[in-house]
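K.L.:
Sequence:
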Amino acid sequence: MKKTIFIAFLTISSFLFGQKPAEKVGEIEVQLIRHFFKRNADYELTKKKTNRKNRPYLRMYFDSKGNLLKSIGFGKHHNTDLRLIDRIHIYNYDKNGIKSKIDVWETDYNKNISYQYYIKFDLDSTKSKIISEKMYEIESDTIFTQTDYWYNEKSEYQGVIFDSTYYYQRKYNDKKQLVSLQQIHDSKLRWEWKYTYSDNKRIGIFQTYYNDGEDYSKKEIRTYDELGRSIEIEKLQLTKDGLETKFKVYYDKDGIIDKIEVYESYNREDGYGFVSYEEVKVKSRVSINSSTAEKINELIITE
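Plus 939 on top of the position in the sequence shown (first one is 1) and you've got the working numbering.
Hints listed in this document are in silico derivations from the structure and should not be mistaken for laboratory results. Each hint should be verified, as a subset may be incorrect.
[Claimed, not checked] Here are the computed distance ranges between Cβ atoms for each label pair:
| # | residue 1 | residue 2 | range |
| --- | --- | --- | --- |
| 1 | 1103 | 989 | 40 to 48 Å |
| 2 | 1022 | 1177 | 17 to 25 Å |
| 3 | 1110 | 1177 | 39 to 47 Å |
| 4 | 1053 | 1178 | 21 to 29 Å |
| 5 | 1209 | 1164 | 23 to 31 Å |
| 6 | 1208 | 1059 | 20 to 28 Å |
| 7 | 1078 | 993 | 36 to 44 Å |
| 8 | 1148 | 1095 | 18 to 26 Å |
| 9 | 1146 | 1103 | 32 to 40 Å |
| 10 | 1101 | 1154 | 21 to 29 Å |
| 11 | 1022 | 1053 | 16 to 24 Å |
| 12 | 1167 | 1069 | 33 to 41 Å |
| 13 | 1103 | 1208 | 16 to 24 Å |
| 14 | 1178 | 1065 | 44 to 52 Å |
[To be verified] With a straight-line cut-off of 30 Å between C-alpha atoms, the simulated DSSO-like cross-links for lysine-lysine are:
| # | residue 1 | residue 2 |
| --- | --- | --- |
| 15 | 1004 | 1059 |
| 16 | 1038 | 1115 |
| 17 | 1114 | 959 |
| 18 | 1114 | 1220 |
| 19 | 1004 | 1093 |
| 20 | 1185 | 1133 |
| 21 | 1157 | 1174 |
| 22 | 1157 | 1192 |
| 23 | 1220 | 959 |
| 24 | 1187 | 1110 |
| 25 | 1015 | 977 |
| 26 | 1187 | 1220 |
| 27 | 1234 | 1110 |
| 28 | 1015 | 1198 |
| 29 | 1140 | 1187 |
| 30 | 988 | 1004 |
| 31 | 1050 | 977 |
| 32 | 977 | 1004 |
| 33 | 1133 | 988 |
| 34 | 992 | 1222 |
| 35 | 1127 | 1192 |
| 36 | 1179 | 1115 |
| 37 | 1234 | 1034 |
| 38 | 1114 | 977 |
| 39 | 959 | 988 |
| 40 | 1220 | 987 |
From a predicted model like this one, the values you see are computed outputs, not experimental measurements. Glycine residues also receive a C-beta, built at the ideal position from the N, C-alpha and C atoms.
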């Protein structure tokens, strides 16, 4: 135990006196900046917006190949002040460029930062695919959670297994397009997304199998440009009224997402209202190719 604590102390010290958790790294910095339009007393949208100082809620740092080296999130659950750091992730890779470890730092509400836990990744025998991720608490250096990845006979990623009875499963067509995403629990299908493709669109239908008498089905329409990039995502309710959302995505000259506009509707007859938008600011010391842009865009869409 003393040896474990000493090793943990050395690890923490190396960050405190070597690389600082909040310092800039890599060749590419990406900032995500979010604005919401304010509503008046009648809950009508106005042209006034939040975050007038343009503070980012997330900073991400990449190397020239688009590998994420560090992410810094701002604003906490009970204190949304974007001057307050929430969590810092530091990413490590092996010699083949495969993700090997994530160090996670967190702050309290008094801005005190501490090294909370780390995530280690196990690879398959070919050292080319991640097969599991294990989260370790620093204080005890024991596994807190474990998630296993699994692949089909074609080496296509299928999903994650949380335990022997709870997992996700993906299915693909001959063009390697996703056609089904399922959640399985206790050997029963809980919910499923089914996808079809037509021209420049992917249409997804969501259906649940909870047997509770409720219908939660919904629809997603994703539209792509001539380069195969998402330019519009529409999420619709199928059987009942509720929030429907449309995202419009724009790209800069390097192919990185430049702006995402968000539209919402609670009543189709009234149409959509422009409720918020997200700006993406990029600072790069290298030229950005399409492969790097694609990696960065995947994380922007995820966030």
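K.L.:
It remains to establish, for every hint, whether it holds in the given structure.
P.N.:
Cross-check of the supplied hints:
no. : hint                    : verdict
1   : 1103 - 989: 40 to 48 Å  : holds (45 Å)
2   : 1022 - 1177: 17 to 25 Å : violated (42 Å)
3   : 1110 - 1177: 39 to 47 Å : violated (22 Å)
4   : 1053 - 1178: 21 to 29 Å : violated (47 Å)
5   : 1209 - 1164: 23 to 31 Å : holds (29 Å)
6   : 1208 - 1059: 20 to 28 Å : violated (52 Å)
7   : 1078 - 993: 36 to 44 Å  : holds (38 Å)
8   : 1148 - 1095: 18 to 26 Å : holds (24 Å)
9   : 1146 - 1103: 32 to 40 Å : violated (25 Å)
10  : 1101 - 1154: 21 to 29 Å : holds (26 Å)
11  : 1022 - 1053: 16 to 24 Å : holds (19 Å)
12  : 1167 - 1069: 33 to 41 Å : violated (25 Å)
13  : 1103 - 1208: 16 to 24 Å : violated (48 Å)
14  : 1178 - 1065: 44 to 52 Å : holds (46 Å)
15  : 1004 - 1059             : holds (22 Å)
16  : 1038 - 1115             : holds (24 Å)
17  : 1114 - 959              : violated (45 Å)
18  : 1114 - 1220             : violated (34 Å)
19  : 1004 - 1093             : holds (26 Å)
20  : 1185 - 1133             : holds (20 Å)
21  : 1157 - 1174             : holds (7 Å)
22  : 1157 - 1192             : violated (34 Å)
23  : 1220 - 959              : holds (23 Å)
24  : 1187 - 1110             : holds (27 Å)
25  : 1015 - 977              : holds (21 Å)
26  : 1187 - 1220             : holds (17 Å)
27  : 1234 - 1110             : holds (22 Å)
28  : 1015 - 1198             : holds (24 Å)
29  : 1140 - 1187             : holds (14 Å)
30  : 988 - 1004              : violated (35 Å)
31  : 1050 - 977              : holds (29 Å)
32  : 977 - 1004              : violated (39 Å)
33  : 1133 - 988              : violated (37 Å)
34  : 992 - 1222              : holds (18 Å)
35  : 1127 - 1192             : violated (47 Å)
36  : 1179 - 1115             : violated (33 Å)
37  : 1234 - 1034             : holds (19 Å)
38  : 1114 - 977              : violated (44 Å)
39  : 959 - 988               : violated (34 Å)
40  : 1220 - 987              : holds (21 Å)
Hints 2, 3, 4, 6, 9, 12, 13, 17, 18, 22, 30, 32, 33, 35, 36, 38 and 39 from the list above are not met by this structure, while the remaining hints are.
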